[in-house]
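Construct the complete structure from the given sequences, taking the supplied hints into account.
Residue numbers (my numbering), protein chains in the order written: chain W, 1 to 117; chain R, 1 to 117; chain U, 1 to 117.
It is worth saying that the hints were derived from the structure and are not from the lab.
Predicted model, so just to flag it, every value in this text is computed and none were measured.
Do not rely on the hints blindly, as some may be mistaken.
[Unchecked claim] Computed far set for chain R versus chain W, every beta-carbon distance over 12 Å:
hint: 1; residue: Gly9
hint: 2; residue: Asp30
hint: 3; residue: Gly32
hint: 4; residue: Ser72
hint: 5; residue: Tyr73
hint: 6; residue: Phe74
hint: 7; residue: Val86
hint: 8; residue: Pro87
hint: 9; residue: Glu97
[As the list claims (entries may be wrong)] The calculated lysine-lysine pairs, modelled on DSS-like cross-linking and capped at a C-alpha distance of 27 Å, are:
hint: 10; chain 1: W; residue 1: Lys99; chain 2: U; residue 2: Lys46
hint: 11; chain 1: W; residue 1: Lys99; chain 2: U; residue 2: Lys99
hint: 12; chain 1: W; residue 1: Lys46; chain 2: R; residue 2: Lys99
hint: 13; chain 1: U; residue 1: Lys79; chain 2: W; residue 2: Lys4
hint: 14; chain 1: R; residue 1: Lys46; chain 2: U; residue 2: Lys79
hint: 15; chain 1: U; residue 1: Lys79; chain 2: U; residue 2: Lys58
hint: 16; chain 1: W; residue 1: Lys99; chain 2: U; residue 2: Lys41
hint: 17; chain 1: W; residue 1: Lys4; chain 2: U; residue 2: Lys99
hint: 18; chain 1: R; residue 1: Lys99; chain 2: W; residue 2: Lys79
hint: 19; chain 1: W; residue 1: Lys79; chain 2: W; residue 2: Lys4
[To be verified] Here are some of the chain R residues that sit facing chain U, going by a computed Cβ distance under 8 Å:
hint: 20; residue: Leu62
hint: 21; residue: Asp82
hint: 22; residue: Thr90
hint: 23; residue: Ala94
From the three backbone atoms N, C-alpha and C, an ideal C-beta is built for every residue, glycine too.
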Amino acid sequence: MTIKRSGVGPRLSQSVSYGDTVYLAGQVADSGDADATVQAKEVLAKIDQLLAEAGSDKSKMLWANVWVSDMSYFADFNKVWDAWVVPGQTPARAAVEAKLARPNLKVEVAVIAARSV
Amino acid sequence: MTIKRSGVGPRLSQSVSYGDTVYLAGQVADSGDADATVQAKEVLAKIDQLLAEAGSDKSKMLWANVWVSDMSYFADFNKVWDAWVVPGQTPARAAVEAKLARPNLKVEVAVIAARSV
Amino acid sequence: MTIKRSGVGPRLSQSVSYGDTVYLAGQVADSGDADATVQAKEVLAKIDQLLAEAGSDKSKMLWANVWVSDMSYFADFNKVWDAWVVPGQTPARAAVEAKLARPNLKVEVAVIAARSV
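Here's what the structure looks like:
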């Protein structure tokens, strides 16, 4: 079974597919100074894009790990998330607070999803 | 290969099975004000239940991610965990400190497990 | 499909293989008082060893979760990581800050990788 990567950098790949499963790198916003709502939308749009490239989509998410840099952002994140996920096809998810790689980042999301082979 | 979910909510599913693997959402206690020992027992009982529904059990856990909201709870959590896991069939595990979704939550555990298909 | 474990302890196994996928426990340094660079090298050497035992290697990593106990260690960790990964075959990765099981630990890394069956 082949490993297929996309967005391959010297540190990490944005997406690694293996058979019928795809693993996404933790996605963060480029708009690092934006509020949690804007960052959440950007992060989820990146996930949509990476899943599409891997032959998947948000209805096939199996597992998501969400980190918010402060729990005060959690309600805003969830509002964006709840509007984004596909009703009846939501993934297993864990969400905790953690400082992220840059101080202005408020949200990071990593995903494992099923894909067509 | 079909995706099967259980405990499907508008935000997340408690369990998502894909082929011979099942992903559980991060489990937390309902008894949010209880101590770490009580919360740990409740969390692991929820995991037992979700694994059973998915055709799995704790002897088939592959990977577990444990979060405690304060490392001072870690010894209590581990005492409950060590009594719960099946000797010789323990999963790979990572455990770190993180603030959880509600301030009174002390423990969260997410699991990936093998299941019968 | 059989589950194969190595480094099986009463709390966790260092490595759990299931079919063509292997899950590693979060690896930390034994040299707990060493600086982040030394700890990072030790952690990645342990991962090399565990992957080899499971019929895998770092070029087959699918996903990595990195925790640093303080983001001030992140640059040092990344320097070691970047020199270690295989160019063109980097995994999806998420990295966040979290307090670890012992106060002197600076780095923890967990990995999911493909393996030969």
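> Hint numbers the structure violates, sorted upward?
Replying inline: 1, 9, 14, 17 and 19
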